[in-house]
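K.L.:
Throw the hints in and build the complete structure from the sequences for me.
Taking my numbering, I'd label the letters of the sequence shown as residues 31 to 108.
Check the hints yourself; a few may be wrong.
As the list claims (entries may be wrong) - Okay, the calculated beta carbon distance ranges per label pair: (1) Arg42 - Asp93: 19 to 27 Å; (2) Ala46 - Asn91: 24 to 32 Å; (3) Arg48 - Arg108: 27 to 35 Å; (4) Glu45 - Arg108: 36 to 44 Å; (5) Ala107 - Glu45: 28 to 36 Å; (6) Arg88 - Arg108: 15 to 23 Å; (7) Arg92 - Gly59: 16 to 24 Å; (8) Gly47 - Asn91: 24 to 32 Å.
Think of the hints as simulated: they come from the structure by calculation, not from any bench.
In this text, all values refer to a predicted model and were calculated from it rather than measured experimentally.
Idealized CB from N, CA, C, for every residue including glycine.
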Amino acid sequence: MARKVFVSVIVRYNEAGRARPLKIFWEDGRAFEVDRVLDVRPAPALKAGGRGMRYTCRIANRDMYLFEDENRWFVEAR
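P.N.:
Quick look at the structure:
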């Protein structure tokens, strides 16, 4: 089973209060720009457990899921 890896995220909120992640900081200090947000929906983290808003993001030509759960951000890792 995968585990939750909590990450730091720079987020921009629009006037309607919707969040858009701009940059993700991994636990080892590496930073990645979010090239594009492809989808946002409430969804479970099937591999690591938990639930929240799931952001499907394109980062460096790869699609990945970024989750927000009660103002904490995480990704699923092996």
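K.L.:
Indicate, hint by hint, whether the structure satisfies it.
P.N.:
Each hint tested on the structure:
For Arg42 and Asp93, the Cβ-Cβ distance of about 20 Å falls inside the hinted range of 19 to 27 Å, so the restraint holds. For the pair Ala46 and Asn91, the beta carbons lie near 29 Å from each other, so the given range of 24 to 32 Å is met. The supplied range of 27 to 35 Å is met by Arg48 and Arg108, whose beta-carbon atoms lie about 31 Å from each other. Distance hint for Glu45 and Arg108: a CB-CB separation of about 39 Å, consistent with the stated range 36 to 44 Å.
Against the hinted window of 28 to 36 Å, the Cβ-Cβ separation of Ala107 and Glu45 comes to about 34 Å, which satisfies the hint. At roughly 21 Å, the beta-carbon separation of Arg88 and Arg108 lies within the given 15 to 23 Å, and the hint holds. Under the hint 16 to 24 Å, the C-beta atoms of Arg92 and Gly59, about 19 Å apart, fit the expected range. Judged by the Cβ atoms, the range 24 to 32 Å given for Gly47 and Asn91 holds: they are separated by roughly 30 Å.
Violated hints: none; the structure is consistent with every hint.
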